[in-house]
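Quick mapping for you: the protein sequence lines, in order, are chains L and U.
Take 1 as the starting number for the first sequence in the working numbering and just add one per residue.
Take 1 as the starting number for the second sequence in the working numbering and just add one per residue.
Bear in mind the hints are in silico, worked out from the structure with no lab data behind them.
There's no promise every hint is true.
[Said to hold, decoys possible] Derived DEER-like restraints, expressed as beta-carbon distance ranges:
#1 K235(U) x R14(L): 17 to 23 Å
#2 K477(L) x D118(U): 29 to 35 Å
#3 Q148(U) x Y365(L): 50 to 56 Å
#4 K115(U) x K477(L): 33 to 39 Å
#5 G196(U) x W473(L): 55 to 61 Å
#6 S21(U) x L454(L): 32 to 38 Å
#7 F455(L) x G45(U): 55 to 61 Å
#8 D118(U) x R385(L): 20 to 26 Å
#9 L454(L) x K34(U): 57 to 63 Å
#10 K115(U) x E369(L): 55 to 61 Å
#11 G134(U) x Y365(L): 51 to 57 Å
#12 I3(L) x K235(U): 37 to 43 Å
#13 Q148(U) x I3(L): 50 to 56 Å
#14 L20(L) x L232(U): 30 to 36 Å
Glycine included, each C-beta is placed from N, C-alpha and C at the ideal position.
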Amino acid sequence: MGIINRAIKNISKRKIRALLVIVALSISLSIMVSIPAGLMANQKSTNSMAENLSSTITDTSESINQALNQIDVYMSSRYAGFGFNYGDTPPSPQSGDRIIGGNNGNNNDGNPGRYGGFGEGNIPGQFGGINDGATPMNQSLYMDIAEISGVAATVAELEVSQGSKNQTTSMMGQTFTTQITDYTIIGVELKSEFTSNSNYNSLPTNIVNGRNLQADDTGVVLLSQNNSAFFEAGIGDIITILDHEFAIIGIYQPTTALEELVLYMNLSDAQHITENAGYITTLKVYTTSSDSVDFVVAKIRELHSELTVTTGQQRLNQLETLQSTYSDVLENTQSSLAATQATAIQEIIVVVAATSLIVLFVMLYTVRERTKEIGTLKAIGFSNRAVMGQFLLEGLCLSTIAGIIGIVIAIFAAPTFSALLLPSVSSTLGMNAMVAGGTRVSMASVSISVELALFAFGASMLLGVVGTLYPAWRAAKIRPAEAMRYE
Amino acid sequence: MNNNVLEIENLSRTYMLGKQSINALINLNMHVSKGEFIAIMGPSGSGKSTLLNVIGCIDKPTSGKICLDDIDVTNTPESKLYKIRRNKMGFVFQSFNLLSYLSARENVELPMEGKIKDKTERRKKASELLRLVGLLDRENHRPQKLSQGEQQRVAIARALANDPAIILADEPTGNLDSKNKQEIIKLLANLNLTRGTTIIMVTHDIQVANNTERVLLLKDGNIIKEKEGLHLAKKQNMCPHCKGSIKIYDETCPICNKKLYEIEEFFTI
């Protein structure tokens, strides 16, 4: 029988009131915990996005350096720059399979949307944005490029992305529907002189299982490890791609985030299953040496003015532009994160104030209601301090119970609460993260750490004491003679 | 060192009611010796409750001097007064003022909390006191499960918790029926006889007052009359009616056969 026992008895005596207070307190506490949890998740994904960006850029620039004698030739659609899938785009085989890149707000720098298609899994070393929105071209019309002097070889490729799920992202007041790419098919012209020569940068090199594609392989595919996981299939298994069956001949380890979704097959197989017979999206031209690149480029432009030609050097330049765009995106994200943090702090202040006020008013009411009891306690020899302690302890008990329940609620509801309360950063980040190569901020990743739970628990107890301080002081100041008269 | 447990000299208490001042007590003098059983009577507004509150250190006099057990408490600050209330005073209220969420024993333990650190000792003493008031078998009952008379007996046990110098009872029988009234007054009288507890009781009830040792009549803030009660005779083992010899617990006089706790109109207010 002590002060704690009395506090608990007093609380349990007024069950409905205690319940209401605990519900109100625990909800506001769980909100209070969810906000920092959401912020932490955002921060974490921003960091991983930054890491992803820098590693992607490093990997890409490495592979470009290795292939300075490679020229990419393709036909760009008139909307390719933005990567938007406008309704009046001329029908193209892959239009339905494209990610609709978003205009990110900070690309008024003359390179609009260059990164629009970056995240969709283009081949490494052939920089993402360049091929975005490429229009298929009739392969037979460009046979003459191989005849240019200084050209060692040409490799034709057809790239088609396949997706099944749609994702809606809202940003800056607009809603974008994006299709998540499941995998990207790249059909490669398999000639013995390329498949056996590592100078030709058309196929991945780090095979971890099985073997690489070889000349005249047909009905087989080379999967990335990510593809293998997606199809839930391994070496020798048969998978179905666009209603056609393929045997898995090899699995490679992707070197960049861009490569993760790419599966390789024979060009003719790709043309057949995508109903693009005779069409390609890219012609890779390899020169005999890097010295002859300029001459070959000039010649290709002379022969086919409708084509876009990029060299390794150009790709490096584009990469630099892209790099600066990315750092802008990152900066933007970080400043938006900072803004969200400011909002979060305001929200936390409101919640803290509300919580303290709930405790304050309930305890004030309780003190008023128990005036006679307080008078009795003082008359039989309780000190002011003992009376104050009694009420502080009751406030503390209420807020401790509410704290525990609040943390339990937060563990389950933190993703919902932080999505509701921190909308701006999540969507912006979501879009940017997608651009960065697949790191999406998922609110499901919001979780309550042990530290955060302990912090919230401490905070709830502190709030309980703070909210009860004034009522308890009022109780201590009650004069027993007056309290006796109070009914 | 004298035998007085309470000495009041020229005590005044003035309330401010808005701009009007009300003199509840005016130059009151009063002495109570150890072991006395005193009743204070008087009409409403005569200052009975104010006097009891001032004695009980829950109200402060405007002027005058008040000594409890040879300690001058007139100018003791509130921060120390609670100890005097705890150690020297025992309160019994008209409406019992038990904490409804505590058992009878827990209620009795309450005043001991600041004084006796040992839990078991507190519990033991509380049980002992409940035995004294005849409620040992009810010690785990909540107040609302007890009759009004039983509740007041728990309150009396609580008042005895810290072996106070004085028990202050404010209309202890005011809420009770006549049977319970008899029970309580007998209990108080016996406590006074057996334990020598000084009791100062405010009452409206002549029957109750009659059974004390000394009755003070208060009017307009001062004591205007004083009279001996039946209890004095009992203390002296003498029947107040026939002056024959009686024993402490006798209900009726063995000689003249008159009831020893009979109602007698001896005050006309």
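Cβ separation of K477(L) and D118(U), checked against the hinted range 29 to 35 Å: holds (31 Å)
Consistency of beta-carbon spacing, W473(L) to G196(U), with hint 55 to 61 Å: The hinted range 55 to 61 Å is violated for G196(U) and W473(L), with Cβ atoms some 41 Å apart.
Hint check for Y365(L) and G134(U) - Cβ pair distance inside 51 to 57 Å: Violated, at about 39 Å.
CB-CB spacing for G45(U) and F455(L) relative to the 55 to 61 Å hint: holds (59 Å)
Supplied distance hint 17 to 23 Å, evaluated on CB atoms of K235(U) and R14(L): Hint violated: Cβ distance 48 Å, outside 17 to 23 Å.
Verdict for Q148(U), Y365(L) (Cβ pair) under range 50 to 56 Å: violated (29 Å)
33 to 39 Å as the expected CB spacing between K477(L) and K115(U), which holds or is violated: For K115(U) and K477(L) the Cβ distance comes to about 24 Å; the hint is violated.
Hint check for I3(L) and Q148(U) - Cβ pair distance inside 50 to 56 Å: violated (29 Å)
C-beta pair S21(U), L454(L): status relative to the range 32 to 38 Å that was hinted: For L454(L) against S21(U), whose Cβ atoms are near 58 Å apart, the range 32 to 38 Å is violated.
K115(U) versus E369(L) beta-carbon gap, inside 55 to 61 Å or not: violated (28 Å)
Cβ distance range 57 to 63 Å for L454(L) and K34(U), holds or violated: Taking Cβ atoms as reference, L454(L) and K34(U) lie about 59 Å apart, which means the hint holds.
I3(L) versus K235(U) beta-carbon gap, inside 37 to 43 Å or not: The hint (37 to 43 Å, Cβ to Cβ) holds, given that I3(L) and K235(U) are roughly 42 Å apart.
Checked against the numbered hints given earlier, this structure breaks hints 1, 3, 4, 5, 6, 10, 11, 13 and 14; the rest are met.
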